[in-house]
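Enquirer: Residues per chain are reported as follows:
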Amino acid sequence: MENAIVMKNVCKDFKVLNRHEGLKGSIRDLFSRDYKTISAVKDVSLEIKKGEVIGYLGPNGAGKSTTIKMMTGVLEPTSGEIIVNGLVPYKERTKNSENIGVVFGQRSQLWWSLPLIESFKLLRDIYMVPKKEYEDMLELYSSLVDLEPILHKPVRQMSLGQRTLSDILAAFLHNPDIVFLDEPTIGLDVSMKAKIRSLILGLNSQKNTTVILTTHDMGDVDALCRRIVIIDKGTKIYDNDIEHLKSYFGSYRTLHLRMADDTWYDEVIDESKQDIMEIIMTKQKEQKIKDIKLEEISTEEVIKKIYEGSAAS
Amino acid sequence: MNPKRLIALTRAGIMESLQFRLGTAVTLFANLIYLVLVYYLWKAIYDSAGTDTVNGMTFTDTMIYLILATALFNFLEMFVVWDMSRSIQSGKIVLDLLKPMNFRRYTFWSYSGSHVVLFALSFLPTFIVVMIVTHGAIHMGINLIWFIIATVLALIVNFNIEMIVATLCLYTESTWGINIVKETIVLLLSGASIPIAFFPERARDIVEYLPFRAIYDVPLTVLLQKGGSDELSGLLPLLGLQAVWAISLFAIGTAFWNYSVRKITVNGG
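Heads up: the sequence lines are chains P and B, in that order.
Numbered per the working numbering, the first sequence spans residues 441 to 753.
Numbered per the working numbering, the second sequence spans residues 64 to 332.
Treat the hints as calculated values from the structure; they're not laboratory data.
Hints are supplied without guarantee of correctness; some may be wrong.
[Claimed, not checked] Not the full set, but computed from the structure, chain B residues with beta-carbon under 7 angstroms of chain P: (1) Lys67; (2) Ala71; (3) Glu79; (4) Gln152; (5) Leu161.
[What the hints assert, rightly or not] Far from chain P, by Cβ distances over 10 angstroms, these chain B residues were calculated: (6) Met78; (7) Phe83; (8) Leu104; (9) Trp105; (10) Ala107; (11) Ser153; (12) Val157; (13) Pro163; (14) Leu181; (15) Ile243; (16) Val244; (17) Leu251; (18) Arg265.
Even for Gly, the Cβ is constructed at its ideal location relative to N, Cα and C.
Okay, chain P solo, but in the shape it has when bound:
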């Protein structure tokens, strides 16, 4: 399959002024040439195939947004190579924009005071979408979501959920090859999250759009992504299928044992190192076991372990 995005050894450094404390420090900062370099992204290589839905994860400040900004062409990498749809994004930002769509969780690209349909028409003209394609797209939209309540509503009167939904529709309107969704479900209620997930899946399968998704909600990841990439402190630490994730960092399961005196004994077990049966046997010798429960560890817990683990190292 064709690659939508290729990143080779991409690094991004930022120069920041060393700020000093207090009033005296602030005055000194006015004239200071004392910069320090911060590496936001370190040597990240990545290949994303056309039509994939990728979960791009990492704790806050890991370098996710920086990577996305480099892929969209708003930032230029300090070193390394990025090719998006065969273009170098920062060199041909305007041309690259024709083939990508973006949704940044808490900002909207819609025209605030106008009804949604007007924003759609405007985007249609700005992206020069042919009439037929535009109409087909609106038809597809109405088959996926209930457009009626939002289409003629001014964006400023929308709820956060409706607005996010509208922003996602707007990002897909010109049928881009790649859509970047930066925390699209932030602040939404459970049912809206479900709606948005099924919309993204629907659009991805209908239009074969590549979707790069950053999120802190593991529900999004479980529902949408087959492959995930985890980045921490600018370095890629995981890049594989979501099924592998659980075994990659040890195949963890939680064992719950109810003992004769009705107390619960819980233990998180790494099956690659410990044998569950052995633990049960040892326990049984101490006391009679009344009940046994074995739980799969959730994606959320694995991710938490990874974030915490890499923070400690």
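Starting from the known structure of chain P, fit chain B onto it as the hints suggest.
Expert: Here is chain B on its own, set in the frame of chain P:
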């Protein structure tokens, strides 16, 4: 450049401005108060001067000039600097940078709609009222066409000045001060608050060649057929001045913007 995009942006701008009916009404009311103030201020000046004409302008001349300057100001005023600094702080500028259009062109045409609305709702009514009240102090002829051309050039000069200041906002985190300085300079040196004829001679010699004059003074001079602009020999230098500034400010603005955006993409914003 695709005209469909530009028309679409203008259309949306018109619809957006029409949403703020109350805002437009309040602006018109505020202008009325301002004009009453201007009226009494200049009346006092003329009364104490003891002559009918000061610096070659009669009281009526001055009033027509200042009223039309205010109307023109309402119509040409742009908020590029405010809007841009806000979108830089909120990070929304990234979304605008990711439109498949040249950013400066996109910005300019996003404002064109509001100019159309303000021209119809603010400038035209004022102009008609002045015309009726002064019974023919404004000549109705070819000068109207020259005035429209001069106004379009004024719009371009104004946009480019705004855009250059807005680009400065990419570097500084506080915009407020810079913007106030810009506004004061433009209002004073463009003839919007005091007719340039009233400037001391030395100052006038300099101000005559600055770009600010191209925004308010030149269109009004052309409209009122002052300074020999009723003849081509007087008119062309004025329009020429505007054109030269429009082109050079456009070139400076484009170069400055492209340089700055590159810097931002290197260092991060």
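Enquirer: Hint by hint, say whether it matches the structure.
Expert: Quick rundown of the hints versus the structure:
1. Lys67: 5 angstroms, holds
2. Ala71: 3 angstroms, holds
3. Glu79: 5 angstroms, holds
4. Gln152: 11 angstroms, violated
5. Leu161: Because about 5 angstroms separates Leu161 (chain B) from the closest Cβ in chain P, which is inside the 7 angstroms limit, the hint holds.
6. Met78: Label violated. Min Cβ-Cβ 6 angstroms, cutoff 10 angstroms.
7. Phe83: 8 angstroms, violated
8. Leu104: Check passes; 37 angstroms lies beyond 10 angstroms.
9. Trp105: 39 angstroms, holds
10. Ala107: At roughly 43 angstroms from the nearest Cβ of chain P, Ala107 (chain B) sits farther out than 10 angstroms, so the non-interface label holds.
11. Ser153: About 6 angstroms separates Ser153 (chain B) from the closest Cβ of chain P, which leaves it inside 10 angstroms; violated.
12. Val157: 5 angstroms, violated
13. Pro163: 4 angstroms, violated
14. Leu181: 16 angstroms, holds
15. Ile243: With a cut-off of 10 angstroms, Ile243 (chain B) remains clear of chain P, as the shortest Cβ separation is near 20 angstroms.
16. Val244: 18 angstroms, holds
17. Leu251: Holds, since 29 angstroms exceeds 10 angstroms.
18. Arg265: 36 angstroms, holds
Hint violations for this structure: numbers 4, 6, 7, 11, 12, 13, all remaining hints satisfied.
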